[in-house]
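Listed in order, the protein sequences are those of chains A and B. Going by the working numbering, the letters in the first sequence line up with residues 1 to 287, in that order. Going by the working numbering, the letters in the second sequence line up with residues 1 to 287, in that order.
Please note that a few of the clues may not be correct.
One copy or two, it doesn't matter: identical chains are merged, so the pair holds either way.
[Stated by the list, open to error] Once the Cα atoms are required to be at most 20 Å apart in a straight line, the calculated SDA-like pairs of lysine to any residue come out as:
1. 12 - 38
2. 92 - 45
3. 256 - 75
4. 257 - 66
5. 257 - 73
6. 93 - 70
Calculated from the structure, these hints are not laboratory results.
Residue strings, one per chain:
2 protein chains.
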Amino acid sequence: MIIGAIEAGGTKFVCGIGNEHGEIFEKISIPTRTPKETMKDVFQFFEGKQIERMGVGSFGPIQVSQDQPDYGTILETPKTDWKYFPLLDEIKKNFSDDMLIAVDTDVNAAAFAEMKWGAAKGMNSCVYFTVGTGIGAGAVVRGKLVHGLLHPEAGHMFVKRHPDDDFKGSCPYHGDCLEGLASGTSMRERWGKAGVDIQDKAAWDLEAYYLAQTAINALLTYSPEKIIFGGGVLNHPGLIDKVREQFSKLLNGYIKKDEVIEDVDDYIVLPGLGSEAGLKGSLALVL
Amino acid sequence: MIIGAIEAGGTKFVCGIGNEHGEIFEKISIPTRTPKETMKDVFQFFEGKQIERMGVGSFGPIQVSQDQPDYGTILETPKTDWKYFPLLDEIKKNFSDDMLIAVDTDVNAAAFAEMKWGAAKGMNSCVYFTVGTGIGAGAVVRGKLVHGLLHPEAGHMFVKRHPDDDFKGSCPYHGDCLEGLASGTSMRERWGKAGVDIQDKAAWDLEAYYLAQTAINALLTYSPEKIIFGGGVLNHPGLIDKVREQFSKLLNGYIKKDEVIEDVDDYIVLPGLGSEAGLKGSLALVL
Ligand SMILES: Nc1ncnc2c1ncn2[C@@H]1O[C@H](COP(=O)(O)OP(=O)(O)O)[C@@H](O)[C@H]1O
Ligand SMILES: Nc1ncnc2c1ncn2[C@@H]1O[C@H](COP(=O)(O)OP(=O)(O)O)[C@@H](O)[C@H]1O
Ligand SMILES: [Zn+2]
Ligand SMILES: [Zn+2]
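Isolated chain A (complex conformation) (with noise of 0.2 Å):
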């Protein structure tokens, strides 16, 4: 089967053709500018391609539940032109009737990829953190993503400070929500620079911290088979197993399941796919 791919980012759309085992043969990177010239290019790329499916994972909010009438668009994103654009009926348009096509958010589709290609292959749930310039997330329980009022967006709760750490957090909404005192913008105005360029052992102590923490969270509320670390602040050598340490040492026993207590290794992850985790996800969600 030939199956269409869209990974919508806020900087660039990347656009690929691949089957359903997850291989992608062909792709192209698009810049992210309005709608309207975005989407020309996009459609451009799928123009005599037979594409038969189209998966998009997109950045959000986005309504991914099907039996809402607005399904596939973008809600409030202070991306502006993108803001209220019906990104499923815009693809339809373009396509045959009667094509599949489905839209989920980006971390969404990159926690099911995961689960059927990668890291959590072969199980029921998985969640999924990407920590870059924001923290996003996605999950799947019982072998179905996570919809509900909306999607997951658990790259903002609430997780406890550390006692030394007084930095007031970098959320525009909530402060020093977990975003605030984690992502990669919030080490850039923590430390004064890009986490790329942070060496101190103390502040990836304390990265370790609170991403040992999102997993305690993330365990209790949604009891996944696994849990992944994505994103490019987890280039950083050695974080994983920072991450891993403090978690079995803030859980302290309390699930008392050999994969979190003598698994760890193998239950806190880095994405088993490449770096095409984002189309694979997309395509994915049309299998």
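We have chain A already, so just place chain B with the ligands on it with the hints.
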């Protein structure tokens, strides 16, 4: 249809007979002793009652995944008599082989009942927190109870400490997790008297501050259509209003949905089912 229901608690087992509409015709309360003594009385109650199905909502942790060999077995618990007790298997032995029996946690069951007949009726998702001696949580996502590695244990998630609060927390595992900061037990430790005897406004403002974060973290992870707070502590007059107030303040407009901005009184609510919510929940598990 005649349905049996068991609400298996640490101090009592409530057994009942009801039907598929959630009506309970008859019930009995049995003090919890050893499994052998307790179950003997339980089975005696059901004898000759012609029940066609049986739902069991139990204290946890308990294996809730039907595809696991130890489905329905109580796991590591401080109630040593009950540790590893195969609750489902023992019940099965007492009834005909082909009778449908389902087991879940008491709080998951209550969440399910609230979705079927209570505060979240007609919806596909909800979260139920019970704030009593401890804090328990149940959740429904896309129509199904949350299972995975285990079941929700969100009562122990981490939240941010109030800047003026220096209580160390009462949780034996985590100190200042949610349960350690906001359960009935923590109120008693913090203020030196039981919740029911506390009138100090500051105490209830602080309680609301933590429960509001509970609601926010639930919203940002599960994205439920309804958040329900039950349990003894919620008997305090006006507490639910304070929780809503702080929820709006702390969320600060981040999720731009009318449900959580305009209609928060209808989003964060008390249970819709009366004192029989637990039993009705057990019953709902086999519908
Ligand atoms: N090797 C690294 N070590 C630590 N932080 C890094 C590293 N590489 C990138 N980052 C940080 O990751 C963030 C960018 O994350 P990324 O996921 O690539 O982007 P975005 O979230 O914008 O899509 C920046 O804050 C950057 O400083
Ligand atoms: N009216 C009330 N106001 C405040 N707290 C109350 C009230 N009634 C009961 N509580 C508190 O609720 C807790 C018991 O909760 P409950 O749900 O009844 O029991 P359990 O969790 O043991 O099943 C106690 O800490 C008690 O002080
Ligand atoms: Zn925030
Ligand atoms: Zn705890």
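Structure-based check of each hint:
| no. | hint | verdict |
| --- | --- | --- |
| 1 | 12 - 38 | within (9 Å within a copy, 63 Å between copies) |
| 2 | 92 - 45 | within (15 Å within a copy, 60 Å between copies) |
| 3 | 256 - 75 | between (41 Å within a copy, 8 Å between copies) |
| 4 | 257 - 66 | between (36 Å within a copy, 17 Å between copies) |
| 5 | 257 - 73 | between (41 Å within a copy, 14 Å between copies) |
| 6 | 93 - 70 | within (15 Å within a copy, 51 Å between copies) |
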